[in-house]
Every structure is written in structure tokens, then in C-alpha cells.
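The listed protein sequences correspond, in order, to chains A and B.
Residues in the first sequence are numbered from 1071 upward in steps of one, following this note's numbering.
Residues in the second sequence are numbered from 1071 upward in steps of one, following this note's numbering.
Some clues are possibly wrong.
A pair counts as met if it fits within one copy or between any two copies, since identical chains are not told apart.
Each computed DSSO-like pair below joins lysine-lysine, with the alpha-carbon atoms no more than 30 Å apart [said to hold, decoys possible]:
{"id": "1", "residue 1": "Lys1161", "residue 2": "Lys1077"}
{"id": "2", "residue 1": "Lys1161", "residue 2": "Lys1286"}
{"id": "3", "residue 1": "Lys1209", "residue 2": "Lys1161"}
Keep in mind that the hints were calculated from the coordinates and are not lab data.
What follows is the residue order along each chain.
There are 2 protein chains.
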Amino acid sequence: MAHSEIKALLFDVFGTVVDWRRSITTEMRRFGEEQGIDQDWEQFALDWRALYQPAMEGIRSGERGYVKLDQLHRENLQQLLLAYGLEALTKAQLDHINRAWHRLQPWADTLPGMNRLKKDYVLASVSNGNVALLVNMAKHSAIPWDMILGSETAQGYKPQDRVYLHSAQMLGLEPAQCMMVAAHNDDLRAARALGFKTAYINRPNEYGEGQVNDLKADQTWDIVGEYMTDIADALGC
Amino acid sequence: MAHSEIKALLFDVFGTVVDWRRSITTEMRRFGEEQGIDQDWEQFALDWRALYQPAMEGIRSGERGYVKLDQLHRENLQQLLLAYGLEALTKAQLDHINRAWHRLQPWADTLPGMNRLKKDYVLASVSNGNVALLVNMAKHSAIPWDMILGSETAQGYKPQDRVYLHSAQMLGLEPAQCMMVAAHNDDLRAARALGFKTAYINRPNEYGEGQVNDLKADQTWDIVGEYMTDIADALGC
């Protein structure tokens, strides 16, 4: 396909750009050792993440007004304290744990791919993360965004239409001038239905050995790759 | 003063980061030569800019709902067509001229200063420019933003309080953790009244030889410098 129309690449972040599971697990292992708390911290990361979709659903449904993902993460963390022996921690310690999402590390192929793509395209997040979370993550991990868009700027949560549409509109672009890059078929399905171009990156290890969804592309997305560098190859960067 | 509390530097853009007068003049001189239209293009740049404050005032006053600066620039350009012999241009040509604001060039000291500051601080625009204008300008001129904030994300125009406050809030910061950097005393006055730190850069040639305002700092701002690199020096970057 011809890609000359595309001006911006819009990225899902959690799982696509960064490896949240390993990042949270590594931080918590270190924290657990310091505090003398011995737990299965990989399971903790998976359990924390499992509360993510239900928490957003309350806002998507209109049951609750918009709140930032930082707040949802904090509420979800609260639910895990007892099960993981964290109930005696101070507020400052819990806030520090909550901000582990601000310190997520990219997959090994992410920065090599994005730094090539940045020369020819506007690179913007279209993530359910809030602005501060993504700004701090970018500073921490050198992610070369041109702009941070998504949930907070659109006041909604993917896959709500307005998150994609408002992001394109803020860049002064039509959906067809934007390519959504994600490791999740449902994210691309929502974007394609609105006229966006689509690129799938396979991250079969995002959830570890037990991963059941998104083990491969389930449609003929415009680009399908194993690594971020494959997207750069496909776009001739 | 101690600056250890400061996490983010928030920048005015037109006049502070970029030299809009020389950029617009240079583009229009080239365009005029190509089109055989002989005009005083520096005066054109000044006249176009002179329509900026009155156009925003209609929105600040509530007389008109929020529209992006791109649209205000386009309406203002329309008012100048006859006086500058541009009335026969096509819509595509006028749109190209309007997007000259997306191609403004930094002052010579801007990038050396900002690239030093970026290592230690979050760098965000807090400009009356819209997001697409500032994203495109950053791509064109290599301005190293971590985030683009201001008018469009806050749905207002400086010096309205909410533009400053919403920008800090999006970064997850208190006003006292942010320093507003501007070449305009009134911008810093508005920010200081809300609790922001302030840095003044002197740009006595922003409007050319006839400049009457902002020829020097009119208060004891937290930092006062002649160049962006002076701000980096003062902050120990």
C-alpha cells in the first residue's frame, strides 16, 4: 500500500511501547526486598493490571465522571494491599508504588523503531494514560514523543470513538492521515472503523506465559510486524 | 534563590522561543518575489500580528466560543488581502501563507538554551498557539518540547487564569513547581499572581525598531536574562 498520505503515527502505550509487566514486577521485587515483603510480584503486576478495564468501564458507561488513570491506578492498588502484605505502608510509599506506571521501560525494539519513525512522522501517544504519567515516562525512558494525546486530552477512555477522533483533530489531521500503532486488535478495530490506518505489533509476551489474547493479528491490518522496527521498515524510514 | 522545587518550565512561544517577525517577513519576501507582488512584508508581518490581541479578546470576553488560533490567523489574514495585493490568491495559497505560523524559526539562543534545560526539567509550551501549529513548528524547527500545552488544551487564551492553571494541573504539578518563561511582562504578571515562578528573557527586537513594550523587565522576576542560555545558567543546567 502507499503510505504517502500518512502524516502522524498514533501509539497505544501500555504493552505496545512499554513492557508494563516486567517493569512493575522488577520495581516491586526490589521494593519487596528492601521492605522484607516476599510475594509473587509478577502476579501482583498482573492482578493490578486486571483491575484496569473494569475501572475504566465505569467511566465509559457514564456511571462516573472522567478521572485520570493515575487515580484509577491508585484506587486499584488500594484493593490489592491486603492480599500482598502492603497494608502497613505509608501514603508516601503507596504513592511511589503508584507512580511505577510513570517509570515503565520500553521494549528493546521500541526506541530504535521510534527514533527512525520520528524523522518522517509526527509521533503522538493515543493512550489511556494521563498526561503527567506519559510525560514522566517519556523523560524517564527517553520516548521521543512529538505530542501526548489520548484519554486526558479527549476526556474519555479508548475504545471510545472520541479519544481517536479528538486526537486526530488536535493534530489538524483527518483520520486517514493517521496510523494507529497497537499490540491490541480491539484498539485497531476501533480506529479502523473511524477511518484510521492501522499497524499491529505482535507482543505475545505482554501478559507472560499465560497470555490468551492478541497472540497474532486477527485482521489484515495495513501493517503487521513483530517489532517497532518492522513498522519503520514498512514505512520506508 | 533555590530552584530545587521547580520541575517544569512553561514557555511562551511567539516572541520568546521564536522570532515570528523575521520568520513571516522572510517567507513573504520569498513568496512576493515568486508571485511578482512587491510590498513592505515586514509591515505586513507587524500588521498581521497587530490583529492578534483584538481577535483573542472576543473569545476571552465570552462574546465568541473558543476557536483555534489557526482560525483567528486566517480571519485576520483575510482583512489584509486588499492592502497587500493578495486578493487574487487561491485558497490553497492563502492556507499556505496562514501556515507560515507553523514554520516559525527560533531565535539563535533558543535551542542551545532549551537543549540544556531539557536534561533537568520538563519543557512545555504554554502558548496561545493551537496544538497542530506548535507540533508542526517543533518538527520544522527542532524545538525539544516534552509536551505542548496552553490555549487549546485549556480552551482559553492567556492571560486567562485557566490557561496557566490547567497546564500545571495536566503535568500533575502545583504552580510553585512550574516556572513560566516569557519575553512579556504581562504574561509573567499573570503567572506570578497564580503562584508560578517566573523567568524573563529580554527580546527588545521582537517587534523591530519601533518596539515600545517589553524593552526590559518591569518587576524583579525570579530570573531575568538576555538569552535562553542565561536561564540555563541561572538554573545551573
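Hint check:
1. For the identical chains of this complex, Lys1161 and Lys1077 are inter-copy neighbours only, at 21 Å across copies versus 44 Å inside a copy, given an alpha-carbon limit of 30 Å.
2. Taking the closest pair of Cα atoms, Lys1161 and Lys1286 never come within 30 Å of each other, the shortest separation being 41 Å inside a single copy and 46 Å across copies.
3. For the identical chains of this complex, Lys1209 and Lys1161 are intra-copy neighbours only, at 24 Å inside a copy versus 41 Å across copies, given an alpha-carbon limit of 30 Å.
Hint violations for this structure: number 2 only, all remaining hints satisfied.
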